[in-house]
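2 protein chains.
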Amino acid sequence: MPHRKYERIPRATISRLAIYVQELEGMERQGVKVVSSEKLAVSCGVNPSQIRKDLAYFGEFGLRGVGYHVFELKEAIKQSLGLDRTWNVAVVGVGNLGRALLRHGVLRKRGFIIVGAFDCDPFKIGEEIGGLEVICSSKLPEKTRELNVEIGIITTPAERAQRAVNYLLEAGIKGIVNFAPARIKTPPNVAVEYVDFIHHLFSVAFRITQSQAKGLI
Amino acid sequence: MPHRKYERIPRATISRLAIYVQELEGMERQGVKVVSSEKLAVSCGVNPSQIRKDLAYFGEFGLRGVGYHVFELKEAIKQSLGLDRTWNVAVVGVGNLGRALLRHGVLRKRGFIIVGAFDCDPFKIGEEIGGLEVICSSKLPEKTRELNVEIGIITTPAERAQRAVNYLLEAGIKGIVNFAPARIKTPPNVAVEYVDFIHHLFSVAFRITQSQAKGLI
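Taken in order, these protein sequences are the chains called A and B.
Using our numbering, you'd call the opening residue of the first sequence number 29 and step up by one each time.
Using our numbering, you'd call the opening residue of the second sequence number 29 and step up by one each time.
One chain only, chain A, in its complex shape (with noise of 0.2 Å):
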């Protein structure tokens, strides 16, 4: 029961976790075997006290006094994040954002499939993006069933974020990815994550204004 263990990891945690793989793969493909604790930490550019304990949740793959395995290392961090699968996926919204998704390869590459582009306006339904073709939106319910989709992208305008998670709820979908700038209504069983990029601009703006203020002063 693996899961078990894995169950109180902290969101933050995941994230780091991402960030984890993301280094450890790249240390695989130049043949690294083993690396330390330190090492880790400093090409992940996080501090290695926060990374020995992230890396608790795996104990027995750290080696006393040499480090971690590698590859073992990777593949117990992308079970426990349940990215030893691939996992269906659907765009809803082929604006800008919706199309840069769909023709961006990093997705399938991370195992999210993209098996369905969706969106409501009759100039956009019957279009080839990404090697899909664009659906009526109002068929979500029942696409989603019939592909399989698990994870919804929202890529919507903000007034249409909400009736189109609608349409994945009725699909039962049980996870929720979502780009729209507005805040969506689902039930506490289904996982929602909010993209917003505009979140980091203003983080860099205040951080920034933060130091010419102290340059100032």
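Calculated from the structure, these hints are not laboratory results.
Watch out, some of these pointers could steer you wrong.
Unchecked claim - Okay, the calculated bits of chain A under chain B, using three or more residues with CB under 8 Å as the criterion: (1) 37 to 43; (2) 106 to 114.
Said to hold, decoys possible - Here are some chain A residues pointing at chain B (derived, C-beta under 8 Å): (3) L125; (4) R138; (5) S166; (6) A219; (7) V223; (8) H227; (9) A233.
All of these numbers come straight from a predicted model, not from anything done at the bench.
Backbone N, C-alpha and C define an ideal beta-carbon position, used for all residues, glycine too.
We have chain A already, so just place chain B on it with the hints.
Only chain B this time, still in chain A's reference frame:
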């Protein structure tokens, strides 16, 4: 010296403040003058004790037993985040994601004005996207100064991210938002944010895996 006071706002608070600004702007459009912390909390999807804690930085805008002045609170938060002004931004890497950002109205709406688009691909240089002509990346140092770019957005492939960053650093840039799936090296006085939407997909996949495991046990 308002900056002094806001100096220690934690990172997690900043991204919530960004959500509050978004919601307060929505309320303002609807003509709402005063809002209780409970109501604001619900519409932001944050718990009320958290919102009260966050808004303690802006205490003077609260009315005991009534709530917050929508306009004043919004303006105070925006000022603290450095959003009461516009920021000149450059996009480096005109692939699918770069194009999406160049055409995306939300950046400008939020005060981030894209003043330059850069790529090293000779087939892209000179192309017009979102009203901007794509400039050769090697001109980044001079153009960054000329266009008064303050924040660089990196949308290159992973292997070209550091070179793009180096060009920007050469021109003395103070903030970078990195969409490339690569860690980048910068001096400590440069504000860097990573936007990795794959992590959000990881997180959703992980939570679905957890729920399924719980159902099986």
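A quick look at each hint next to the structure:
For a cut-off of 8 Å, the count of residues in the region 37 to 43 of chain A with a CB near a CB of chain B stands at 4, and the three-residue condition holds. As drawn, the region 106 to 114 of chain A meets chain B at 4 residues by the rule of a beta-carbon pair under 8 Å; at three or more, the given contact holds. A hinted interface residue such as A:L125 counts as satisfied when its beta carbon comes closer than 8 Å to some beta carbon of chain B; here the least separation is about 5 Å, so the hint holds. Residue-level restraint check for A:R138 holds (minimum Cβ-Cβ distance to chain B is 5 Å; threshold 8 Å).
With 8 Å as the threshold, the beta carbon of A:S166 stays out of range of chain B, its nearest partner Cβ sitting at about 24 Å, so the hint is violated. For A:A219, the suggested interface contact is upheld, since its CB lies about 4 Å from the closest CB of chain B, less than 8 Å. Here the hint on A:V223 is kept, as its CB sits about 5 Å from the closest CB of chain B, short of 8 Å. Annotation: interface hint on A:H227 holds; nearest CB of chain B at approximately 4 Å, less than 8 Å.
Among the interface hints, the one on A:A233 holds; its C-beta lies about 4 Å from the nearest C-beta in chain B, closer than the 8 Å criterion.
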